[in-house]
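Trainee: If you count the sequence shown from 1, you need to add 1 to reach my numbering.
None of these hints come from the bench; they were simulated from the model. Be aware that a few hints might be false.
Stated by the list, open to error - Here are the simulated DSS-like cross-link-like pairs (lysine-lysine), alpha carbons at most 25 Å apart as the crow flies:
hint: 1; residue 1: K95; residue 2: K37
hint: 2; residue 1: K37; residue 2: K73
hint: 3; residue 1: K95; residue 2: K73
hint: 4; residue 1: K63; residue 2: K39
hint: 5; residue 1: K39; residue 2: K73
hint: 6; residue 1: K37; residue 2: K93
hint: 7; residue 1: K95; residue 2: K63
hint: 8; residue 1: K37; residue 2: K63
hint: 9; residue 1: K39; residue 2: K93
hint: 10; residue 1: K39; residue 2: K95
hint: 11; residue 1: K63; residue 2: K73
Predicted model, so just to flag it, every value in this text is computed and none were measured.
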Amino acid sequence: MRGEVEPMKKHPYLLALVAIAWFAAPAHAACYADYKAKRDNPLQLHYGVIQIDSSPCAMSNKVQSTVAGRLKSAGWQLLQVQSVFDDAGLEKRKRDAGQYFLRF
Numbered sequence: 002m003r004g005e006v007e008p009m010k011k012h013p014y015l016l017a018l019v020a021i022a023w024f025a026a027p028a029h030a031a032c033y034a035d036y037k038a039k040r041d042n043p044l045q046l047h048y049g050v051i052q053i054d055s056s057p058c059a060m061s062n063k064v065q066s067t068v069a070g071r072l073k074s075a076g077w078q079l080l081q082v083q084s085v086f087d088d089a090g091l092e093k094r095k096r097d098a099g100q101y102f103l104r105f
């Protein structure tokens, strides 16, 4: 077949560019933290689950400050971030978090 150009020979860098774009794009798997918080006068405590933007999805000072900041803006004080987890751990914590499930 003379005169026909195979698609990959016509655009030799296209596949390479697509591959680079694919691998350069950040993988945004959902990440969550469960925590305990308090409010004074009168004393109130709650357990909650919050979605965070953390890569990798692991405990860090950034996670602690992110959770504390969101809670503080709503009048709560962070007591403890208990754990950081992905979608696999979300459903089993939903009932325990109640009204504080993904609230902040």
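Trainee: With reference to the structure, classify each hint as holding or not holding.
Mentor: Hint by hint, here is what the structure shows:
1. K95 - K37: Answer holds: K95 to K37 is near 14 Å, not above 25 Å.
2. K37 - K73: holds (13 Å)
3. K95 - K73: holds (22 Å)
4. K63 - K39: Holds, because 20 Å separates the two Cα atoms, which is no more than 25 Å.
5. K39 - K73: holds (10 Å)
6. K37 - K93: Measuring from Cα to Cα gives roughly 16 Å; hence the hint holds.
7. K95 - K63: holds (24 Å)
8. K37 - K63: holds (17 Å)
9. K39 - K93: holds (22 Å)
10. K39 - K95: holds (19 Å)
11. K63 - K73: Status holds; Cα separation ~15 Å.
The structure shown violates none of the earlier numbered hints.
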